[in-house]
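Visitor: Here's the letter readout for the chains.
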Amino acid sequence: EAGVAQSPRYKIIEKRQSVAFWCNPISGHATLYWYQQILGQGPKLLIQFQNNGVVDDSQLPKDRFSAERLKGVDSTLKIQPAKLEDSAVYLCASSHPSGPGPYEQYFGPGTRLTVT
Amino acid sequence: AQKVTQAQTEISVVEKEDVTLDCVYETRDTTYYLFWYKQPPSGELVFLIRRNSFDEQNEISGRYSWNFQKSTSSFNFTITASQVVDSAVYFCALSEASGFNKFYFGSGTKLNVKP
Numbered sequence: 082e083a084g085v086a087q088s089p090r091y092k093i094i095e096k097r098q099s100v101a102f103w104c105n106p107i108s109g110h111a112t113l114y115w116y117q118q119i120l121g122q123g124p125k126l127l128i129q130f131q132n133n134g135v136v137d138d139s140q141l142p143k144d145r146f147s148a149e150r151l152k153g154v155d156s157t158l159k160i161q162p163a164k165l166e167d168s169a170v171y172l173c174a175s176s177h178p179s180g181p182g183p184y185e186q187y188f189g190p191g192t193r194l195t196v197t
Numbered sequence: 003a004q005k006v007t008q009a010q011t012e013i014s015v016v017e018k019e020d021v022t023l024d025c026v027y028e029t030r031d032t033t034y035y036l037f038w039y040k041q042p043p044s045g046e047l048v049f050l051i052r053r054n055s056f057d058e059q060n061e062i063s064g065r066y067s068w069n070f071q072k073s074t075s076s077f078n079f080t081i082t083a084s085q086v087v088d089s090a091v092y093f094c095a096l097s098e099a100s101g102f103n104k105f106y107f108g109s110g111t112k113l114n115v116k117p
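Taken in sequence, the protein lines are chains A and B.
Plus 81 on top of the position in the first sequence (first one is 1) and you've got our numbering.
Plus 2 on top of the position in the second sequence (first one is 1) and you've got our numbering.
Only chain B is shown next, with the shape it has when bound in the complex:
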């Protein structure tokens, strides 16, 4: 069974629009971590955020915000006032505390921000 689902394969928005990338996860562990990574066209995955299962507080970092809801097993990522430089593939990942830091990545959402 897939542990991380990113149902949106590709999203296109116009610059300055807000956009939300969805992430749904599945685990039986009570202790786990969720991550978001950005993969620009250059190819290198860039770490964005880590959130543990005991902290449901939403987080904001500049134009980025994350909404973690255990009740729906979701960890969604919103970019406010999108910019062309936000164009990339975004990956959500799950790591279970029992799993020696093994990551399960979703299939990614490609975001195209048009000027």
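Next comes chain A alone, as it looks inside the complex:
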């Protein structure tokens, strides 16, 4: 079974530029998550989708971050314009209900973003 795919793996941009990340979850997984992981910290949830609907985006900086999950499969996360403090690893995860939850999440390799 293929895991969670993410691209690109690395991205370097200048502040005020825009950037987009792509995620393809494990086949059949209804729930998709985007996390931000700053160096030395645990992942912080940015947005959670259930199929193509948003379940939780309370910690998404909506003035500059946006995300979509068209057709309930793959998803994109965009930052526009980027700030220096957005330098982090952006992780995508997915989960699939298979009994009493909550359920483990499976993570992709992440995209390391550096904003200069």
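Just so you know, the hints here were simulated from the structure itself, not pulled from any lab data.
Mixed in with the good hints there might be a few duds.
Stated by the list, open to error - List of simulated lysine to aspartate or glutamate pairs, EDC-like, C-alpha gap at most 20 Å:
| no. | chain 1 | residue 1 | chain 2 | residue 2 |
| --- | --- | --- | --- | --- |
| 1 | B | Lys5 | A | Asp138 |
| 2 | A | Lys125 | A | Asp138 |
| 3 | B | Lys72 | B | Asp31 |
| 4 | A | Lys159 | A | Glu149 |
| 5 | B | Lys5 | A | Asp137 |
| 6 | A | Lys125 | B | Glu28 |
| 7 | A | Lys125 | B | Glu46 |
| 8 | A | Lys92 | B | Glu28 |
| 9 | B | Lys104 | A | Asp137 |
| 10 | B | Lys104 | A | Asp138 |
| 11 | A | Lys96 | A | Asp137 |
| 12 | A | Lys125 | B | Glu98 |
| 13 | B | Lys116 | B | Glu17 |
| 14 | B | Lys104 | A | Glu166 |
Said to hold, decoys possible - According to the in silico footprint, chain A covers these stretches of chain B (three or more CB under 8 Å from chain A):
| no. | stretch |
| --- | --- |
| 15 | 44-51 |
| 16 | 99-112 |
Glycine residues also receive a C-beta, built at the ideal position from the N, C-alpha and C atoms.
Using the hints, position chain B against chain A.
Guide: Frame of chain A; chain B shown alone:
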């Protein structure tokens, strides 16, 4: 308030030593799940274990064991006879049944196993 606390920022041990990683959580829910993940230098978080709040039985999987104590709100992880390949950052996470599978991660403990 922080829901998951991993007070040990970094631990260094010599190969074959046993090591315990601490995790303390906070929740008002009676139904919740606790998780441990491993993040090796490659960066991908790897799922290790899921434990629900109604099952306090300790679990052992090879060299890994987990001790869940509701009385102290702790879910500690022990690696027996550590190996260099165990070097990674380990995260504890909490998910409340009322929370749509939202995870609260601790800040992680970096484990260095030296040969």
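Visitor: Evaluate each hint against the coordinates.
Guide: Verification of the supplied hints:
1. About 19 Å separates the Cα atoms of lysine 5/B and aspartate 138/A, which keeps this hinted pair within 20 Å; it holds.
2. Restraint check for lysine 125/A and aspartate 138/A: the C-alpha separation of about 11 Å stays at or below 20 Å, so the hint holds.
3. Simply put, lysine 72/B and aspartate 31/B have alpha-carbon atoms about 12 Å apart, close enough for the 20 Å limit, and the pair holds.
4. Pair hint lysine 159/A plus glutamate 149/A holds up; C-alpha atoms about 9 Å apart against a cutoff of 20 Å.
5. As the CA atoms of lysine 5/B and aspartate 137/A are separated by approximately 18 Å, the hinted pair is consistent with the 20 Å bound.
6. About 17 Å separates the Cα atoms of lysine 125/A and glutamate 28/B, which keeps this hinted pair within 20 Å; it holds.
7. Our distance criterion of 20 Å between C-alpha atoms is met by lysine 125/A and glutamate 46/B, whose separation comes to about 15 Å.
8. Restraint check for lysine 92/A and glutamate 28/B: not satisfied, since their Cα atoms lie roughly 36 Å apart, outside the 20 Å limit.
9. Our distance criterion of 20 Å between C-alpha atoms is met by lysine 104/B and aspartate 137/A, whose separation comes to about 8 Å.
10. This hinted pair checks out: lysine 104/B and aspartate 138/A have alpha carbons roughly 11 Å apart, not beyond 20 Å.
11. Distance restraint check for lysine 96/A and aspartate 137/A: the Cα-Cα separation of roughly 27 Å exceeds the 20 Å cut-off, and the hinted pair is therefore not satisfied.
12. Using a Cα cut-off of 20 Å, the hinted pair lysine 125/A and glutamate 98/B holds, with the two alpha carbons roughly 16 Å apart.
13. Restraint check for lysine 116/B and glutamate 17/B: satisfied, since their Cα atoms lie roughly 6 Å apart, inside the 20 Å limit.
14. With a CA separation close to 24 Å, the supplied pair lysine 104/B and glutamate 166/A exceeds the 20 Å bound.
15. Requiring three or more residues with a Cβ within less than 8 Å of a Cβ of chain A, the coverage given for the stretch 44-51 of chain B holds, as 6 such residues are present.
16. Here's how the stretch 99-112 of chain B fares: 10 of its residues keep a CB closer than 8 Å to some CB of chain A, so the rule of at least three is met and the hint holds.
Violated hints, listed in ascending order, are 8, 11, 14; each of the other numbered hints is respected by the structure.
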